[in-house]
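Line by line, the protein sequences are chains A and B.
Every position in the first sequence, counted from 1, becomes a number in my numbering once 4 is added.
Every position in the second sequence, counted from 1, becomes a number in my numbering once 368 is added.
What the hints contain is simulated information worked out from the structure, not anything from laboratory work.
Built from N, CA and C at the ideal position, the CB exists for glycine as well.
The reader is advised that the hints may include incorrect statements.
Partial chain A-side listing against chain B, Cβ under 10 Å, derived [unchecked claim]: (1) 42; (2) 43; (3) 45; (4) 46; (5) 53; (6) 54; (7) 66; (8) 67; (9) 68; (10) 71; (11) 94; (12) 97; (13) 108; (14) 123.
Where chain A lies over chain B, by a calculated footprint (3+ residues, C-beta under 8 Å) [what the hints assert, rightly or not]: (15) 394-404; (16) 448-458; (17) 677-687.
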Amino acid sequence: MSDIPTDLGYRESHEWVRAIGDETAVVGISDHAQSALGDMVYVELPEAGLSFEQGDACAVVESVKAASDIYAPVSGEVIEFNSALEDTPELVNTDPYGEGWLFKIRLSDPSEIEGLLKAAEYEAKQDG
Amino acid sequence: MTRKTALHDAHVAAGARLVDFVGWEMPINYGSQMDEHHQVRTDAGMFDVSHMTVVDIHGPQTRDFLSRLLANDVAKLHTAGKALYSCMLNEAGGVIDDLIAYFMDEEWFRLVVNAATRDKGLAWLERQGAEFRIAVTEHHELAMIAVQGPRARDKVHTLLEADVVVELLELKPFNAVLHDELFIARTGYTGEDGYEILMGAGQAVSVWNSLREAGVMPCGLAARDTLRLEAGMHLYGQDMEEDVTPLESGLGWTVALNDERDFIGRSALEKQIAEGIQDKLLGLVLEDRGVLRPGQKVITPAGDGITTSGSFSPTLQKAIGLARVPMAAGEECAVEIRGKLLKARIVRPPFVRNGKPCEGLLQGLAG
Chain A
5 MSDIPTDLGY
15 RESHEWVRAI
25 GDETAVVGIS
35 DHAQSALGDM
45 VYVELPEAGL
55 SFEQGDACAV
65 VESVKAASDI
75 YAPVSGEVIE
85 FNSALEDTPE
95 LVNTDPYGEG
105 WLFKIRLSDP
115 SEIEGLLKAA
125 EYEAKQDG
Chain B
369 MTRKTALHDA
379 HVAAGARLVD
389 FVGWEMPINY
399 GSQMDEHHQV
409 RTDAGMFDVS
419 HMTVVDIHGP
429 QTRDFLSRLL
439 ANDVAKLHTA
449 GKALYSCMLN
459 EAGGVIDDLI
469 AYFMDEEWFR
479 LVVNAATRDK
489 GLAWLERQGA
499 EFRIAVTEHH
509 ELAMIAVQGP
519 RARDKVHTLL
529 EADVVVELLE
539 LKPFNAVLHD
549 ELFIARTGYT
559 GEDGYEILMG
569 AGQAVSVWNS
579 LREAGVMPCG
589 LAARDTLRLE
599 AGMHLYGQDM
609 EEDVTPLESG
619 LGWTVALNDE
629 RDFIGRSALE
639 KQIAEGIQDK
649 LLGLVLEDRG
659 VLRPGQKVIT
669 PAGDGITTSG
679 SFSPTLQKAI
689 GLARVPMAAG
699 EECAVEIRGK
709 LLKARIVRPP
719 FVRNGKPCEG
729 LLQGLAG
């Protein structure tokens, strides 16, 4: 059974979002996603300053097994990416909700946060 | 409806992540494919490869038939248990399948062929075999466990009777022995020493459990793929296919053209040689950050090529791959990944042998 913290929002495509105040959020991938992808070996993250609409492909995580697109779970401008993942991409496996975060984004539409899946809804999608 | 091997319940109990692999529900990993990979390189791991197809050819014309069927020459096989790696070609010289043929006796050879190509491979065998006095028997009742790694043989030996161990200690690579229900071959698909063991499906669980107790770690097909890639071994459907010949696939060494033997595909290969072989299959090491995958464009001063296999090498901690490139290509190349050109080097496989990075790769990798 994968870990799904209840204080985060989720997308069906397995990204999580942690709101920090009203304007920014941290983005990562869920425990379920990292477990399915397996050992991470390379993460390609968006540079600060790039803007994405919700649902845009914005990053790529590569495990030994496969490359997988990451879709922006909310719209906005990237303000920081997790540079630790350049040398230690396995943080995505060992701590997907903490040290394995991918990037921080300045929200262009904070109301999108409310539209994300709740933990129970995300869990239900996995079972189905 | 996916098929299950005799070890299916044992995989579930061991926490395997199971996937559909050409119609079989097989373990992709038991947690971390990286750990499983290292386990095989440094100690001993085992793979359930019961999905592979085992076919016996019996009859007075078995040798004649295989001499016609295979691009490598079964005339090299005379001692019981000796194995030969070969491609099976179509008339155009394209690869229908790659397989291992074991000589058992003059009227009995055993073939181990790919699961992914079972149907077309068996159909081809039946069709080509129709002109020969032979019988083709597929063995559904067998299970197969590959035990691989520097300590694999020692660990297998702890489970066997002393007289069998004596025989196994003498067994040379690419040879097999048959002992009652056990067919033990010193072969593999990892670049490490070890055995591939065929047994009755009813014995599989007890052999598997005994091996676990002897310290052999269950490993999934994902680790098997990175291990074979590091070893420079080819995968059917990626590194060779029906529309390419072995000569364009780095498998010229498996084609025996030295006498007048009339094997299927020979004339096409000779024509290709006469006209000039355009492409070769070699290894790639990615120097920039990223991961090689099959199907990426390889740009060389001699023209473009394509990756046929690619992954991250757990031993080298770099992306490696196999690529079909123009014959005139040298070491220098770039690989296009998501629109970016990344620096790579063309090298001669294998990348890793017996747990160690291969000579020649080290220098470049250190730099």
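Hint by hint, here is what the structure shows:
Nearest Cβ of chain B to the Cβ of residue 42 (chain A): about 6 Å, under the 10 Å cut. The hint holds. Below 10 Å, beta-carbon pairs count as interface contacts, and residue 43 (chain A) has one with chain B at about 4 Å; its hint therefore holds. A distance limit of 10 Å between C-beta atoms decides the matter here; for residue 45 (chain A) the minimum to chain B is near 4 Å, and the interface restraint holds. Look at residue 46 (chain A): its Cβ gets to within about 5 Å of chain B, closer than 10 Å, so that hint holds up.
For residue 53 (chain A), the suggested interface contact is broken, since its CB lies about 19 Å from the closest CB of chain B, more than 10 Å. With a least beta-carbon distance of about 15 Å to chain B, the hint placing residue 54 (chain A) at the interface is violated under the 10 Å criterion. With a least beta-carbon distance of about 4 Å to chain B, the hint placing residue 66 (chain A) at the interface is held under the 10 Å criterion. With 10 Å as the threshold, the beta carbon of residue 67 (chain A) comes within range of chain B, its nearest partner Cβ sitting at about 8 Å, so the hint holds.
Taking 10 Å as the C-beta contact cut-off toward chain B, the hint placing residue 68 (chain A) at the interface holds, the least distance being around 5 Å. Hint on residue 71 (chain A) holds. Least Cβ distance to chain B is approximately 6 Å, under the 10 Å limit. Of the supplied interface hints, the one on residue 94 (chain A) holds, with its beta-carbon coming within about 8 Å of a beta-carbon of chain B, less than 10 Å. Taken as an interface hint, residue 97 (chain A) checks out: its beta carbon lies about 8 Å from the nearest beta carbon of chain B, inside 10 Å.
Because the beta carbon of residue 108 (chain A) sits about 22 Å from the nearest beta carbon in chain B, more than 10 Å, this interface hint is broken. Against a cut-off of 10 Å between C-beta atoms, the interface hint on residue 123 (chain A) is violated, since the closest Cβ of chain B lies about 23 Å away. Coverage of the stretch 394-404 of chain B by chain A holds [criterion: at least 3 residues with CB-CB distance below 8 Å; count 5]. Residue count for the stretch 448-458 of chain B with a Cβ under 8 Å from a Cβ of chain A: 0. That is fewer than the three needed, and the coverage hint is violated.
Evaluation of the coverage hint for the stretch 677-687 of chain B: fulfilled, as 4 residues show C-beta separations to chain A shorter than 8 Å, against a requirement of three.
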